[in-house]
Amino acid sequence: MKLLIKNGRVVDPSSGTDKKLDVLIDKGKIIDIKPKISAGGTKSIDASGWVVAPGFIDMHVHLREPGQEDKETIVTGARAAARGGFTSIACMPNTHPVNDNRGVTEYILSEAKKNAAVNVFPIASITKEEKGEELTDMADLIDAGAVAFSDDGMPVQNSQVMRRALEYSKILDTVIIDHCEDKNLSADGVMHEGYYSYLFGLRGIPASSEETIVSRDIILAQKADAAIHIAHLSVKGAIALIKEAKKRKVKVTAEVTPHHLFLTDSLIESYDTNLKMNPPLRSKEDTRALQQAVTDGTIDVFATDHAPHTIDEKDVEFDLAPFGINGLETVVPLLLDKLVNKKIIPISRFVEMISTNPALILRLENKGKICAGADADLTLLNLNKKIIVDVNSFKSKSRNNPFQGWELKGAPEMTIVGGKIAYSSSSLKSV
Amino acid sequence: MAFKHKHLLGIQDLTSSEITTILDTAESFYEISTREVKKVPTLRGKTIINLFFEPSTRTRSSFELAAKRLSADIVNFNLKTSSAVKGETFKDTILNLEAMNPDAIIIRHSCSGAVLYASTFSRSNIINAGDGSHEHPTQALLDAFTIRQEKKNFKGLKIVIVGDILHSRVARSNIFLLRKMGAKVTLVGPPALLPLEFRKFGVETDFNLDRAVERADVIMMLRIQLERQEKNFFPSVREYRNLYSLTAQRFRRAKKNAIIMHPGPINRGVEISTDMADCAKSVILKQVENGIAVRMAVLYLLLGGKEREAID
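So the sequence lines, in the order shown, correspond to chains A and B. Quick note: the first sequence uses my numbering, first residue 241, plus one each step. Quick note: the second sequence uses my numbering, first residue 178, plus one each step.
Keep in mind that the hints were calculated from the coordinates and are not lab data. There's no promise every hint is true.
In silico PhoX-like links for lysine-lysine, alpha-carbon gap of 25 Å or less [as the list claims (entries may be wrong)]: (1) B/458 <-> A/554; (2) A/276 <-> A/242; (3) A/246 <-> A/276; (4) A/267 <-> A/242; (5) B/245 <-> B/463; (6) A/554 <-> A/476; (7) A/267 <-> A/368; (8) B/257 <-> A/554; (9) A/637 <-> A/269; (10) B/332 <-> B/458; (11) B/408 <-> A/371; (12) B/335 <-> A/423; (13) B/335 <-> B/377; (14) A/260 <-> A/242; (15) A/582 <-> A/554; (16) B/335 <-> B/463; (17) A/524 <-> A/246; (18) A/476 <-> B/377; (19) A/524 <-> B/458; (20) B/332 <-> A/637; (21) A/660 <-> A/635.
Pairwise CB distance ranges, derived in the manner of DEER restraints [said to hold, decoys possible]: (22) A/343 <-> B/273: 36 to 46 Å; (23) B/377 <-> A/350: 46 to 56 Å; (24) B/250 <-> A/644: 38 to 48 Å; (25) A/658 <-> B/368: 57 to 67 Å.
Because the structure is a prediction, the values reported are computed rather than measured. We treat Cβ as the ideally placed atom computed from N, Cα and C, and that holds for glycine.
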């Protein structure tokens, strides 16, 4: 079935496009892009005043299924993603059981195919049960549909294991995603180590715990000539390491979350457990450096690290709460408001970081671009739409989001996945 | 002057004049504990819960005696298990106790911020008896009461706090209080237990106790937790003692009228030698004695406020 998107401002960084064009979709693919396509009875959407972007890809999501369906399921997570403007999400392997074998990968894909509103791409673990000891059968996992490898949350501490994983990943043309943390340095820390952790009497996670592992990974990736992607970059010192490595053409890419860009450790004065995540909220100086690294190109990707937890799990003492916050439904408005509408980055750079680059890093060939033959995954944005974050309106099962009540300008209006409307806001303009 | 706070969560929330009010009120209660009949009817009919999630002898019994000397009813709960161990959550524990209509809940908890968290859903007056490494306001107040007894005035007074600053709620509450009252604070300890960012609290730091002792009017020793050694915060008790124990030899460098304090419980022969703990310059037991008057003042100001205003 054909679908025509008319009068939108098409922003596609992969081709350098930024102009008013119509986009014609058929059988799940984009078949034509040009000014004024005549509709001839096809269903059309009037996107005038909206940005039409290649579908957004969140490459760092926890869907919790299988095993922790009280927090989130593939279906609810995908629904939250669609509402948040995403057409594809990549889910981390720290489920129960861990996605360390073909069976789990296939389960996730079959659940997603049956019921999910968006494309779901499983990330498999680097090591069995994320124990950091034995490598998973990576070729088999790729064959089953895994798109990348990560021991997110339980990062590989043994450098020899990481070296072998990188070496092996090379033959599979895949990417290793690392949550960079030296668990001995972060120990039992619960927030960024510094003045505020001392003030609040909370145990600190030092910046060095991230910096040392980023440094290690760069060295190992360079030696193996393999691709390493640094998850949720949070500290200034690590940015400098990545910037320098990129100059030397090391295959390193990096992502940043909105909470690390816009929130700082000082807020933990309230001991609000929705401010507890790992890596933790860092200092003001770090957030400034991260914003700078977004504008200068050191950071490649925006991701959420969407980490849903139940209300009960978070309604406890700060020390006892699990790490992680819900993010799929707030990331796009936050970035549009704080970066695009405030003219810190142009819309094209935003789309590049949330669609083009994740597609390239995860090797999703027909995604992250608007051209004839590409998958008909599109995100339609209204840069002027004002929203107030309300966790009770979330499609996600969880509510653990620290942006409750924030007034933001800029939001997704419609998410189109494989040529079908996966989400549409109430102000749908159908003609 | 009415005391405006519903809770006592930390020294950070108090102004210097509120601190003075507490100390002055404690002054007026001090004498009750020396009477033959150690009881006044001030808080008759009030119910107070002592809710301790960490072991404590001094603080718990001090609050208990303070409440009893004001004629309040007090119930003690010593819970070894917090919500870290499976069972009832901290929140449910408080809500259940609250269903029994207490007026105040005194809480000690191993998690920083747990007491502030309790105040967000509790309708009782909440009193912090120590939360993690965060605050221990009544300890700082009784320390201040003792210092004022000995030194009259805080302005310009040089206080040296020695030991495990990083993990110490006593150190934090004392730093906040002493800074508000105009004293000059120097922190002393090994780097792992005394990060330099503590200077942002408006204090000086020194790694050398011999040097710091010379300037001190008050030397406040902190208990060193022996398990810190396991995590290499310092290499051994022997090394710690050699560098940071208050011994007679070190104390000789101090001013003539310098006093020695310790919040207890003391590790004799570790952070303080026995002869120093027991010497004439030591006010360690006076601190304990003063604790009752200060806690009576806190309970009175938080719980007895309404009647008092009516009388005024």
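> Tell me, which hint numbers fail for this structure?
Replying inline: 1, 6, 7, 9, 12, 15, 17, 19, 20
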